[in-house]
Amino acid sequence: MTRIQKRFEALRQSGRKGFIAYLTAGDPSLLHTDSIIRALLRAGVDVLEVGVPFSDPLADGPVIQRASQRALDAGTNLTKILKMVADLRGGSESTSEHSRPDSGVVPVNREDTPFVLFSYLNPIWQMGIETFACRSRAAGVDGVLLTDLIPEESGEIKKVFDAHDLDLIFLVAPTSTDERIRKICSVARGFIYAVSRTGTTGARESLSEGVENLVQRIRRFTSLPIAVGFGISTRAQVQSVCKVADAAVVGSAIVRRIEEQIDANRGPLPGAEALARQVEAFVGELLTPR
Amino acid sequence: MTGPYNYPDPSGHFGKYGGRFVPETLMAPLEELERAYREAQADEKFNEELDALLKNYVGRPTPLFFAERLTRRLNGPKIYLKREDLAHTGAHKINNCLGQGLLARRMGKKRVIAETGAGQHGVATATVCALLGLECEIYMGTEDMRRQELNVFRMRLLGATVTPVDSGSRTLKDAINEALRDWVTNVDTYYLLGSVLGPHPYPVMVRDFQKIIGHEARAQILACEGRLPDVLVACVGGGSNAMGLLYDFLGEGSVRMVGVEAGGRGHALGEHAARFIDAEGGGGRPGILQGTYSYILQNDDGQISLTHSVSAGLDYAAIGPEHALLHDLHRVEYTHVSDGEALEAFQLLSHLEGIIPALESAHAVAYLKRLATALRPDQVVIANLSGRGDKDVAEAVRLIKN
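Protein chains in written order, with the numbering used here: chain R, 1 to 290; chain E, 1 to 402.
Take these hints with a grain of salt, some might be off.
What the hints assert, rightly or not - Straight-line alpha carbon distances no greater than 25 Å define the calculated BS3-like cross-link-like pairs of lysine-lysine that follow:
hint	chain 1	residue 1	chain 2	residue 2
1	E	16	R	158
2	E	45	E	110
3	R	6	R	243
4	E	55	E	211
5	E	109	E	45
6	R	159	E	55
7	R	6	R	159
8	R	183	E	16
9	E	16	E	211
As the list claims (entries may be wrong) - Examples of chain R residues toward chain E, derived with CB under 8 Å:
hint	residue
10	55
11	148
12	149
13	160
To be verified - Stretch-level coverage of chain R by chain E, calculated; a stretch enters the list once three of its residues show a Cβ under 8 Å from a Cβ in chain E:
hint	region
14	125 to 135
15	162 to 173
16	191 to 200
17	214 to 224
What the hints contain is simulated information worked out from the structure, not anything from laboratory work.
We treat Cβ as the ideally placed atom computed from N, Cα and C, and that holds for glycine.
Whole structure, please, built from the sequences with the hints as guidance.
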């Protein structure tokens, strides 16, 4: 069983729903991201989505666009992100760049919480699919979601990922026809990421009423867990999504919280631990009670 | 090239290039668009209406003009100019906009969005939307709005909303990102993409609407020279005017074809928009951007690089996927000319022929100078004069003065 399967199975057995947190790696630096991820794990996040910044994030709203730019400005790239993940997993690839004196707190779930890389295809393509899959697996990455990859174009990539036991996760959109949902479900692994509404990533005041319907349509074609994301930013929204789906994804709201702390500091970056505590508090609020 | 040229395949691939690399949300609208386009293509009424508008509204066929004084000055082959600058709105862009505009209306769309670089596609889109009574919003980078101010006025005059895009390099690439973000949000909107770029079916559809350029040019050159041209020359940004001119001649092995990219102000990455440039580390590599797989100017991490060109319409990091294939097949030669050469050609053609070319088209004209030394006087060249330069006069004066 993969980490993702184990995690969703454990959730199912305990009658809980999953909470998936997204953040853009390297925003505002990988040192910060490392601390924030440890904080998210402490807060009890079930799956971590680590965003790989891209210069042209056309599926993202302004919040993640700005985060991606900050991350790129800080020199973030895929190689460094994989090193950070390896370091977090306590694997052999840890580097001096990201390792720091341990704060004494042993993060919970550092070894068994699934890590999913969330990326546009090009940065991964340029590394080389085989190299990427190898290094991701070695670093402790469990799944990969490629925003601009549809099943029809995924043949070669899926073959390589399957060979490395790396879950290729796909999006299903409200616009997806049943035929497309069937096609997606036939190649997807890990879980299905249902997009709550048309549009780019980013917080919305209200959730689309079509979410329940979309989740039910997907259920007809797969037994994989279904996570719902895009536009979820409040505890009430998390709860309402968890009534119909297996997990809720919160992304831009977390990234926005990070951005607020950066903006409030006006110039020097906030300390990594201080920033991590802010995010932990925010996510803690979203998580209780589930 | 051996065997018949038959691209793209049914899934929109030009060899290994092209395809569809988009968020899942856009797949339903893309499939709807592809279906509607295939139906329209086969519909006689649709084609009749398009042909009539191309004739009576655009003013087609555009002339093929023998540039006698330019020919004499360059002391080489006979130079003909395909006068797309004389098409309504001043560039070839209108051919595609009329086709897609009629398609949008046929699909029952009420709202049209588009990106623009030089503003020519934006103006053509706004024009067609005015003609057909469609709501129109144009995304344009703020840097391009500055250097193509006249076209911003034109679009607004035509009733379009021009929305500034202030991200990235604030040029064409960023305008496309923003248009795609609009489309992924408003999936009932018609996205009128302006070049042979983006996800399938755009590259083939835009080529189909533009291939009339080469189709006319073939008949025209046969009429005045009694034979096919030796060389075709066109500038290449995304590559729609080039595909339009070249497509009809691809099967003619005797016809040499040259695509002229923007060499900007140097060979280093970021200083030009020449995807096929061969300089160490300064050129493009295959990758995925804005829905398609093609050559892209990017760094080692796969981040898209900034570009530079004096011409807003060529200032773009990627190239249409069909050009990537034609490059790899060695069917089309790709070269580049610098900002300086383009500005010089801009003045040369104005002085010698009384034709002010768009700075984009001036790249094709600039290359003629180099080409001329290698050809004989009995040889025949057609250059695509894709647009007129009125929009560039203020920017050119500023640059020439400096």
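Status of each hint after checking the structure:
1. Proposed proximity of residue 16(E) and residue 158(R) is supported: the alpha carbons are some 17 Å apart, at most 25 Å.
2. Restraint check for residue 45(E) and residue 110(E): the C-alpha separation of about 21 Å stays at or below 25 Å, so the hint holds.
3. Taking the CA atoms of residue 6(R) and residue 243(R), the gap is about 21 Å. The hint holds against a cut of 25 Å.
4. Note on residue 55(E) and residue 211(E): the hinted pairing holds, with a Cα-Cα distance of about 15 Å set against a maximum of 25 Å.
5. Restraint check for residue 109(E) and residue 45(E): satisfied, since their Cα atoms lie roughly 19 Å apart, inside the 25 Å limit.
6. Proposed proximity of residue 159(R) and residue 55(E) is contradicted: the alpha carbons are some 51 Å apart, above 25 Å.
7. Note on residue 6(R) and residue 159(R): the hinted pairing holds, with a Cα-Cα distance of about 23 Å set against a maximum of 25 Å.
8. As the CA atoms of residue 183(R) and residue 16(E) are separated by approximately 22 Å, the hinted pair is consistent with the 25 Å bound.
9. Taking the CA atoms of residue 16(E) and residue 211(E), the gap is about 22 Å. The hint holds against a cut of 25 Å.
10. A cut of 8 Å between beta carbons decides the hint on residue 55(R): the least distance to chain E is about 4 Å, and the hint holds.
11. The beta carbon of residue 148(R) comes within 5 Å of a beta carbon in chain E, closer than 8 Å, and the hint placing it at the interface holds.
12. Annotation: interface hint on residue 149(R) holds; nearest CB of chain E at approximately 7 Å, less than 8 Å.
13. Given hint, residue 160(R) at the interface with chain E, is violated; its Cβ is 16 Å from that chain's nearest Cβ, farther than 8 Å.
14. Against chain E, the region 125 to 135 of chain R contributes 3 residues with a C-beta closer than 8 Å to a partner C-beta. That satisfies the three-residue criterion, and the hint holds.
15. Only when three residues or more bring their CB closer than 8 Å to a CB of chain E does the claim for the region 162 to 173 of chain R stand; here the count is 4, and the claim holds.
16. Here's how the region 191 to 200 of chain R fares: 4 of its residues keep a CB closer than 8 Å to some CB of chain E, so the rule of at least three is met and the hint holds.
17. Figure legend: the region 214 to 224 of chain R, annotated as covered by chain E; annotation inconsistent (0 residues with Cβ-Cβ distances under 8 Å, at least 3 required).
Comparing the model with each numbered hint stated earlier shows that hints 6, 13 and 17 do not hold.
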